[in-house]
Amino acid sequence: MTSGADRAERRLAAVLLAPALAVLASVTLYPLAQALVLSLERRVPVFGIDEFVGLRHYAFLLRDPAFANALRVTVVFTVASVALEVILGVAAALALATMRRWRAAGIGLLLLPWCLPGVVTARIFEWLYEPTGWLGIPGRALPALIVADVWRTTPFLALFAYARLISIPPAIGEAAAVDGAGWLATFRTITLPLLAPVLLTAALFRTLDALRAFDLMYVLTGGGPAATTETLTLYAYRHLFQTLQLGLGAAAAVLVLVIVALVAWAHVHALDATEART
Amino acid sequence: MSHRRELLVLLALAVYASPVAWQLLTSITPSEELQQGARLWPSHPTLASYAVVFTQSPLPRALVNSIGIALTTTLLGTVLGTLGAYALARLAVPGRRALVLGILMTTALPAIATVGPLYLTMRALGLRDTWGAVIIAHTSIALPLMLWLMARFLRALPRELEDAAFVDGAGRLQALRHVVVPAAAPGIASAAVVTFLLSWNEFLFAYTFTATEASRTAPVALALFPGVFEIPWADVAAASVLTSAPPILVVALLQRALVRGLLAGGVRE
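These protein sequences, in sequence, are chains A and B. Sequential numbering from 874 applies to the first sequence in our numbering. Sequential numbering from 136 applies to the second sequence in our numbering.
All clues given are correct.
Taking beta-carbon pairs under 8 Å as the criterion, some of the chain A residues facing chain B (in silico):
#  : residue
1  : 890
2  : 893
3  : 900
4  : 905
5  : 979
6  : 983
7  : 985
8  : 990
9  : 992
10 : 1085
11 : 1087
12 : 1106
13 : 1126
14 : 1129
15 : 1137
Just so you know, the hints here were simulated from the structure itself, not pulled from any lab data. From a predicted model like this one, the values you see are computed outputs, not experimental measurements. The beta carbon of each residue, even a glycine, is placed where N, CA and C say it ideally should be.
From just these sequences and the hints, can you work out the full model?
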């Protein structure tokens, strides 16, 4: 290829990519930079307050018991939801992979809870829990919330794991069976290790989603009762749009971002380790 | 697996999905029966709640808003995403690896990190409470996913397809339009479905950037569904059914394309 054609191709690439990158730069990256700046300011528009305060909001957050509570709720919610989803998802995937005639119907039933808007899921579970009163009881609301989240997101994990399962040649399992391995031994020594990298990736996607989840808890519990279901995202939202302390809210949101980045980084390393072993 | 065990699995999955059906049943149960504790099966099914939702609630307008916003987002995301993905998949893009990695990383960004400044910008630009604000925000969430998925699809297509077109004297753009896009249609369809669902279901941006019936989406209207002293359960159920109908319909019609796309790309929720 001549350098002229090369240059023309590069120009075409720039033209094709420009609109998408312009949207990402102006609607995602620029506001992100603004959020970092905002988190260093004390900005309360209703009182016309706008001053630079440096890291004071971060210092406040690290001492605020409500923030510590939100961090704890977020960790419990994320770890419990993702763990249950992985276990149930693998079980559903194993069941699905053995289906022949009704497989499409099975996948359809799984897609049903997955495709609903989170607000609808919240309304369904609000009605389901209504006779129990759990959503108003401090020790019960968080488990109730976790169950609702597991219900709507297990299908994602199930389909992810299922896709990997059907790509494993059946001959591997049959060979193990010939060698006298039972179902459980086959699952533990063959199926699970083959699934592990995929499960880690799916768990990463789900963890990132659980950390930023908003709709389900906002509608179902609003963070209550007594802040027992207030996640970091709800905490940040409360300061951004309800107490209208934009700088403080932005600082909390930036910390959510830091946690997301740490989790992503840790997962990528875990993934490398798993792939190195297999 | 025997036929009987297969049906048992199907039954278990049906039980799993049953809260959706229960919501449907609740929506056709008269409010008086619900108050008397008849929570499972209506003895006198009625469409009265749907009549209430259609004549006395903001939901009809919200459904129109949602349809307009989700379709526009899908169109924008699909067109811009496919064009950009073609460049990433086939053309010489300087620093492509870093760019793809950056795009992948933006899919992990929590919306809460940008919603504050975006709100201030939308307000300053006079976009608050318009379709435009929600469409722009939704397109920005959909694009990274779209670029990444479509670049994978396009890279998997055989290069010979385009080479044949080049031999016939077609330029890059002509080859893209007449050869690549038709060949990639199944991939484009599945990515479009994912974008539609993403926009229809999104709550944080839609809730924050809207203020009145003029632009509130269906999930936002459902979250704010009016109830003065107690929740009008049957009406809420009817509004829920109406809000879930479009995503369910889209998934039912395009299940094959969607599943293929999900399985190939490993899409986040």
